[in-house]
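Peer 1: Here are the chains, one letter per residue:
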Amino acid sequence: MTSRRSDFLSLRNVARDFTRETRSYRAIDNLSLDVEEGEFVAIVGPSGCGKSTLLRILQGLIPPTSGEVFYKDRPQDGVNSDMAMVFQGFALLPWLSVRDNVALGLVARGRKPSEIDRTVSFYIDKVGLEGYEEAYPRELSGGMKQRVGLARALAIEPRILLMDEPFSNLDALTSVTLRDEVLMLWQDPEMPVRTIIMVTHIIEEAIQMADRVVVLSRRPTHVVREIAVDLPRPRSRKHPEFERLSDEIFSLIS
Amino acid sequence: MEGEPEPYTGISRIIGLLKILKEKGGASDLYQLGVDLHLELGEELQIVKAAESLGFVITPESDIALTPLGEEILEKDINGRKKLIRERLLTLPLFSRVFEWLEAEEEESLSMEPLKRKIGEAFPNEDVDTAFSMLVNWGRYAELFGYNAAREELYVDRGV
Ligand SMILES: Nc1ncnc2c1ncn2[C@@H]1O[C@H](COP(=O)(O)OP(=O)(O)OP(=O)(O)O)[C@@H](O)[C@H]1O
Ligand SMILES: [Mg+2]
Chain A
1 MTSRRSDFLS
11 LRNVARDFTR
21 ETRSYRAIDN
31 LSLDVEEGEF
41 VAIVGPSGCG
51 KSTLLRILQG
61 LIPPTSGEVF
71 YKDRPQDGVN
81 SDMAMVFQGF
91 ALLPWLSVRD
101 NVALGLVARG
111 RKPSEIDRTV
121 SFYIDKVGLE
131 GYEEAYPREL
141 SGGMKQRVGL
151 ARALAIEPRI
161 LLMDEPFSNL
171 DALTSVTLRD
181 EVLMLWQDPE
191 MPVRTIIMVT
201 HIIEEAIQMA
211 DRVVVLSRRP
221 THVVREIAVD
231 LPRPRSRKHP
241 EFERLSDEIF
251 SLIS
Chain L
1 MEGEPEPYTG
11 ISRIIGLLKI
21 LKEKGGASDL
31 YQLGVDLHLE
41 LGEELQIVKA
51 AESLGFVITP
61 ESDIALTPLG
71 EEILEKDING
81 RKKLIRERLL
91 TLPLFSRVFE
101 WLEAEEEESL
111 SMEPLKRKIG
121 EAFPNEDVDT
131 AFSMLVNWGR
141 YAELFGYNAA
151 REELYVDRGV
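Protein chains in written order, with this note's numbering: chain A, 1 to 254; chain L, 1 to 160.
It is possible that some hints are incorrect.
Below, in silico cross-link-like pairs of lysine-lysine (DSSO-like), each with a Cα-Cα straight-line distance of 30 Å or less [claimed, not checked]:
(1) A:Lys-238 - L:Lys-19
(2) L:Lys-49 - L:Lys-118
(3) A:Lys-238 - L:Lys-22
(4) L:Lys-76 - A:Lys-238
(5) L:Lys-24 - L:Lys-83
(6) L:Lys-116 - A:Lys-238
(7) L:Lys-116 - L:Lys-49
(8) L:Lys-116 - L:Lys-83
Facing chain A, a subset of chain L residues (Cβ under 8 Å, in silico) [to be verified]:
(9) Gly-10
(10) Ser-12
(11) Lys-19
(12) Asp-77
(13) Asn-79
(14) Asn-148
(15) Ala-149
Worth flagging that the hints you see were computed from the coordinates, not collected in a lab. This one's a predicted model, so the numbers in the text were calculated from it and none came from an experiment. From the three backbone atoms N, C-alpha and C, an ideal C-beta is built for every residue, glycine too.
Put together the whole structure using the sequences plus the hints.
Peer 2: The following block contains the structure:
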């Protein structure tokens, strides 16, 4: 697995330790991963293995204990402003309207009000939230809440979208629809975001959506296998290759 | 899972159901579909009924099948789906009547309580609270109605 380092995004021999009650333990060990611009990469692994930690290292929210993160061929230092995150729990502010929740990232970046207005309207339209602008999170179904989370992340026009189990808090039918819509947005030429890195514990979801599935081991976690998914979209779970990939990943994780 | 069970079925769930049906070749046995989706019968029937009321499925005997309209909405993009739902809502007596009532008001809006009363009178077989939730939620999705929760007012969404 010592492939050429990607000049877009690359993790090299990353390790991350945490301390609990004065004892230090390793969550991630010797993890290397490359992502090319335009790819949809899914990361799957056993529960608690370090998937969320990996995303936080990628975004530069926490540093690796050792190893390096390269972005656009340079060592990454601090938070990467070309990335935005979609969270499992939506992370909406209950006292803000849909519109103001979507605007949050832009406000934090100190953009001009006129620009915020224009950009927020554009992404509200794109994710299908027109008509909900003045609603508050408590008035929304889970699916609509996650569309707000998505619009907020997209509104800062990141080059890379990170998603941490984005559909896990949704019922099965709603997640079917949202997966479909996220793929539509990813393939939409009007969307600046070309690269998606999604953590999921649902193997089927990974195969349905991604170009490549990265399988992580138990803690301390590292990459055990990378599996290219060459099936045309929309992908059917009934396809024999889909089933084969699903079995392969399942046997690696369990 | 997120939140309380809603008295109405969200549009995202309906589209999810259509997509699953499509994967199954466009039709299924109702019972088997519920088993595959891990849905209780009552919940399954609520979703199926909602999809049927919008014209996306038919349920002959104990089967369920996509209609051409059900196929059509799956082919559309995010906003195309909203537009089609809007057209479908206007074919429903509840939505078209409420739309007329709102249009007849000066501000094209009505407060929740008087509106519920009118619904109760015009549609004695509907559960008024469920009907109102549906008007707000499907109406918002379709950009047909807006709802201001602070003022408890439903209004015609003119997209401004
Ligand atoms: N801030 C922290 N301080 C101490 N330990 C942490 C911290 N963040 C994560 N850990 C530990 O690191 C390990 C990996 O956690 P992480 O949340 O990244 O896993 P995960 O794969 O995302 O889990 P899940 O499947 O539950 O989402 C866990 O043992 C967790 O307890
Ligand atoms: Mg996690």
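Peer 1: Run the structure past the numbered hints and jot down the numbers of the failing ones, going up.
Peer 2: 6
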